[in-house]
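Trainee: If you want the building blocks of each chain, they are given just below.
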Amino acid sequence: MHPTDFTLAGAVAALEEGVISAEELTRAHVEAVEALNPRLNALITVTADQAMEAARASDARRKRGEAGPLEGIPLAIKDLFCTEGVQTTAGSKILEGFIPPYESTVTSQLKRDGAVFLGKANLDEFAMGSSNLTSAYGGVLNPWSRRNDPDARLVPGGSSGGSAAAVAARMALGATGTDTGGSIRQPAAFCGIAGIKPTYGRCSRFGIVAYASSLDQAGPFGRTVEDCAILLRSMAGFDPKDSTSADRPVPDFAAACGRSVKGLRIGVPREYHMDGMPAEIEKLWRQGLDWLREAGAEIVDISLPHARYALPTYYIVAPAEASSNLARYDGVRFGKRVAEPNSDLRDLYERTRAAGFGAEVRRRIMIGTYVLSAGYYDAYYLKAQKVRALIARDFREAWSKVDAILAPATPSAAFAEGENSDDPVQMYLNDVFTVTANLAGLPGLSVPAGLDPQGLPLGLQVLGRPFDEETVFAVGAALERAADFRALPGMRAGA
Amino acid sequence: MSYTIDGETGPWELVIGLEVHAQVVSNAKLFSGAATEFGAEPNSQVSFIDAGFPGMLPVINRECVAQAVRTGLGLNAQVNLWSRFDRKNYFYADLPQGYQISQFAHPIIGTGQVEIALQDGSTKVIGITRLHLEQDAGKSIHDQHPSKSFIDLNRSGVALMEIVSEPDMRSPEEAGAYLTKLRQILRYLGTCDGNMEEGSMRADVNVSVRKAGEEFRTRCEVKNVNSIRFVMQAVEAEARRQIEVWESGGEVTQETRLFDTGRGITRSMRSKEDAHDYRYFPDPDLPPLVIEQSWVDALKAALPELPDARRARYVHDFGVTPYDAHVLTLEKETAAYYEAVAKGRDAKQAANWVMGDLFAAINRTKTSIVEPPVSAADLGALLDLMADNTLSGKLAKEVFEAMVETGRAPGLIVEERGLRQVTDTGAIEAVIDGVLAANADKVAEYRSGKDKLFGFFVGQTMRAMQGKGNPALVNELLKTKLS
Amino acid sequence: MSLDTATVRRVAALARIRLEEEEVARVQGELNGILGWIEQLQAVNTDGIEPMSGGTPEGIAAMPLRDDVVTDGGQAAKILANAPDSEGEYFSVPKVVE
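Line order of the protein sequences matches chains A, B and C. Residue numbering for the first sequence follows this note's numbering, beginning at 471 and increasing consecutively. Residue numbering for the second sequence follows this note's numbering, beginning at 41 and increasing consecutively. Residue numbering for the third sequence follows this note's numbering, beginning at 106 and increasing consecutively.
Hints are not guaranteed to be accurate.
Claimed, not checked - Each computed BS3-like pair below joins lysine-lysine, with the alpha-carbon atoms no more than 30 Å apart:
#	chain 1	residue 1	chain 2	residue 2
1	A	Lys711	B	Lys179
2	B	Lys179	A	Lys806
3	A	Lys871	A	Lys732
4	A	Lys563	C	Lys183
5	B	Lys188	B	Lys221
6	A	Lys581	C	Lys183
7	B	Lys492	B	Lys482
8	C	Lys200	B	Lys179
9	A	Lys806	B	Lys128
10	C	Lys200	B	Lys372
11	A	Lys711	C	Lys200
12	C	Lys183	C	Lys200
13	B	Lys221	B	Lys372
14	C	Lys200	B	Lys128
15	B	Lys508	B	Lys519
16	B	Lys263	B	Lys179
17	B	Lys188	A	Lys563
18	A	Lys732	A	Lys753
19	A	Lys806	C	Lys183
20	B	Lys179	A	Lys563
21	A	Lys806	B	Lys188
22	B	Lys437	B	Lys492
23	A	Lys806	C	Lys200
24	B	Lys406	B	Lys434
25	B	Lys128	A	Lys711
26	B	Lys128	A	Lys563
27	C	Lys200	A	Lys563
28	C	Lys200	B	Lys263
29	B	Lys519	B	Lys490
30	B	Lys188	C	Lys200
31	B	Lys508	C	Lys183
32	B	Lys519	B	Lys437
33	C	Lys183	B	Lys521
34	B	Lys188	B	Lys263
Claimed, not checked - Every beta carbon over 10 Å from chain A, so not counted as near; a handful from chain C, in silico:
#	residue
35	Glu126
36	Val175
37	Gly179
38	Glu192
Hints are computed from structural coordinates only; laboratory data are not their basis. Just so it is clear, the structure is predicted and the values come from calculations on it, not from any experiment. Quick reminder that beta carbons are idealized off the backbone N, C-alpha and C, glycines included.
Use the sequences and the hints to build the structure in full.
Mentor: Following this line, the structure appears as C-alpha cells:
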C-alpha cells in the first residue's frame, strides 16, 4: 500500500506500530505535492523542507515516548491560518509576502499534537467564494473529472478549495479549513471527502484571518468521518485569546463515530425541497434517509420557515462584517502598498485597496459598507440580524423534535470554471444548504454519499444541536458506513 | 444673575456641554496585554492586536471595566450590568484596525450627576449623560520628516473613558469648575491620573449661544482641548465667534473646530473630503459585557472617600471653614497630608499651618505636596512642640523655616539651637525682676495708671530672654509683679 | 432601493477603494443586482424580534474578562518587520496635513 493511501486514523496506527516512520510518511506526501501541485494548484506555499525537518523531529519525539495524538501526520493548512515564519496570504495580493510573527491557536494546537505541515492551501480570496476562483494565486483544479467531459476544468468548491483538493488527491492526510457560509462543507462535497464546521466557538478564531467574525469557524477535512473527528479534537478547545471561544470540554469525537444511531430522531426540513433541485440530489437525500431509517433512526418532518431567507441574510451580515474586518489592509503596517510618488495618505489607501483586493472582495466590501451606512443600517443590517434571530429560533424549535437534521450539502456536483460566473448571485446560491448552520452557529458535517450521473461526488450534510458534534459524527459515520463510498478521483497520488 | 456675553443685539446666553476623554489607570491596555506607561520608546508597547494584525482578537481587561464602574459610582451614575461594544469605522493612519472599539448604543454607565462649586459660593448640579469605554488611537508625528508622517502605536488600544455631560453649563467658569471637579473625582478614585499635559485627559467642548428663553441653537464642537484654562478660553472664544456670526445675519453651521491656544481663537478643522459615516455596528468579536451586581457592590464598598464627602467631614469633624475644607480637599494628596498632620491634634491649627506656611514654602521652594519640603510627620511634631509649650507660636515659625532649610526634624532643631521656650517661673521671675529694677520710672508710671506700658514690659522681658519666654507665663507673672 | 452612480462613488470612497470612472457603471450594476436580490428580506415580519449580533448559538454568552497584567509588547522589531515603509522605530506614511 502506498503511504498516501492511508486514512489519517490508519496512518496514526501505522506510525504507532512502527510500520512506517513519520519521515517516510511525510516524504511520500511531499513527493505527492511535488507531483500534483503544479497541476492542481492546491497549495500556495509548499513548505517541504520544514515538513521533512518536522517529520524527523516527530520520529525523535516518538522514540522518546512523547508522541502526541497526531504525531507525524502530514496536513495541509488553509492559507487563512497565520503560521509563524511562513507566508500567509489569505489568497489575496494585498497580503503577498506577509510573514506572520505569530501562530494561530488552531495550528499551534495541531503542532502541539505532533502534526507536520506540508504547506498553505489555496482558497478564495479572504475566504469569499464558492469556487476557489477568486484566489489571487489562481484557481484550484478539482481532482475529479466528468465521465463524458474529462477535459472540463472543474472547481473544487470554496472557499477552502485547496484544502479539499489536497486531501482528495492524497497530497495530505487531512487539512484545515474555515467555513463562513459553507466553505468547508461545499468543497468537501465537491471533492468527495468529509468535512465538518463545528459549533461556533468550538475552535478558536485567534490567528485566523477574519472574513465575517460572527460566522467564521475553523474545521477539518478528512477522507473519512473518523479522520475529521480525530483532527477536530486537536483543533478545538477554549482559547482565552478569543472572546467568542466556548469554555467547554472537548469530547472524544472519534469515539462518537462508533455510536449507534438507533432511536435518534432525524429531521427533514421541508423547506429544503426546492423547486428545480436536480433529481440526483433529491434522490441522494432520500437514500440517506433510508440508510438512517435502516440503522434504526426515526425520520421526522420538520419546518424551518425562515431558512429560505438565509442566503440574503448571509449576504448582508457577512459583507458588513467583512467591510470592517478588511479595513486593516491599508498598506501601512504589513502587506502590499500601492502609491504614486505624490500620493497622499488617502490616495495611498485607495490605490492599495483597489489593486490589492480582487473584484469579489471589493464587491463585498462595498456591499458591506453600504448596508452599514447612515440611513440604510436599519433597513439592511438590523433587518438581517433580526431575520438571523428568526432562523436561529427555527432551529431551536426543531431541536425539541429531533436530534439531528439531514440535508443535501450542495445543490449540485462540482461545476466547471466559467459556469456560474456571470452573475454573483448565481454563485452565491451554492451555499443555499450550508449557510443556515453558520447563521445559527450550528455544527454541520458533509459526508460523501454518492455520485452524480457524470461520476462526480455528492455530499450529504448532517446538522446538529449546538456543541453536539458527537451526534453529528455518529450520524455521519452511520451514513458513511451505509454509503460505502469507494470512488476515487482520477487525479491522485499513487494513481 | 446669570452669565451673558453682550453683543450688538443685547445679551447672549451660553450653552456648554463637555465630552471628556480620560485615560483609564491600568497596567495593560483595554483589549491587549501591552503596557500603558507614558513616554516609552516608539512602538515598544504594542501587541499585534493593537497594531491590527490579521487574525488578532480583543479580550477585555477586567480592571478597565472596574475603573469605569468605580468612576460611574463616583459620578452618582447608573451602572449598566449589560453593555456592549460597537465598532466605529473610519480610516486614519494611527487607527490600525480601521475601526475604534467603543460603546455606542449601550454604554456601561448611564446618567449621573456632579455638583460644582462656584466662586460666589453657590453650587450647581451638572448632569452626566453617559460614560463609556473605548480604545485610544495611536499617535501621528508630523514634524520629523519633510514628506512623511510617522506612526507610533504605543497609545493604540489604551483604555479611555469618554464622559459626556449634559449641556448644563452656562459660563466659562462653570465649564472650568466642572472639568476641575471631574478631574478631582477621577484622581480621588484613582481611575485616571488627570495629567492633562501628558494627554491623560482631553476635552471636546460643545458650545452654542442663544437669547434668553430660546431653544438651543446650533452647536459647534471644539476638539481636544488639553487644559482647564484652555477650556474656559475656548468656550468664550467660540461663543463670541458664534454671536458675531448670528449678529451679522449669518448662520452657525454644526462643525468640528480646533482651539488655537496661541491666538486664543477657534478655527474650523480642514473640511473633510466626505462627511463622516462611522457605520457603527456591534463588534462581532466581543459578546456583551455582563457584570454582576454583587461585583458592583463590592467595588462600591471599596471606593475611597470622595471629595464632597471629605469636605463635609472636614467641616463637621474638624471644624474648619467650608472654604478651607474645599482648598484642603482639592487634591487628594493635599488632603492626605493634611489628615496626617491633623490626626490627634488641633485640626484648625493644622489647617492653618498647611494652607499658610506649608503652601508658602512649597511655592517658594518650587516643590509639591507629593514631595513636600517638610514631611507631614515633621509638621505634626512641630505642632506637638507647640501643644506641650516647648515652642511658642513665634518660635515655631522660626523652627519651621529651619526645617524647610535643613530638612531636619523640629525636635533636633530646637535642641541644636536652644530654642526651647522657658516655662520655669523662677527663671522668668528673675528676668522680670531685673527688667522692673532697670525701669523703675516706667513701673511708677504704670502703677499710676498708664496701662499701655504693659506691652513695654513684655517686650523687655522677652528680649532679655531672647524670645524664649513662654508668652502666657510672662504675661501672668508680669501682671502679678506689677500689681 | 437602488444605487445611483453618486452613491456608488460615495460608498467606494467610504471604503477607500479607488474606483476608475469606467468601472462605475459595471460596479453599479453588480451592486444593484445583489441589493435587489437581498430586498426579499423586507417581506419577513420581524416585529418584536431582538436582533442576533454575534455568532454564539445561545446568544447569551458574556465576554470573558482577563487580568490586568502586562503580557505583551516589547517587540517593536516584530511589529515593524512587515511594514512596507518604516523609519527607525516608526511606521511611515505620506505626510498628513491636519
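Trainee: Could you check the structure against the hints above and give me the numbers of any it violates, in ascending order?
Mentor: Those not satisfied are hints 5, 10, 11, 31 and 33.
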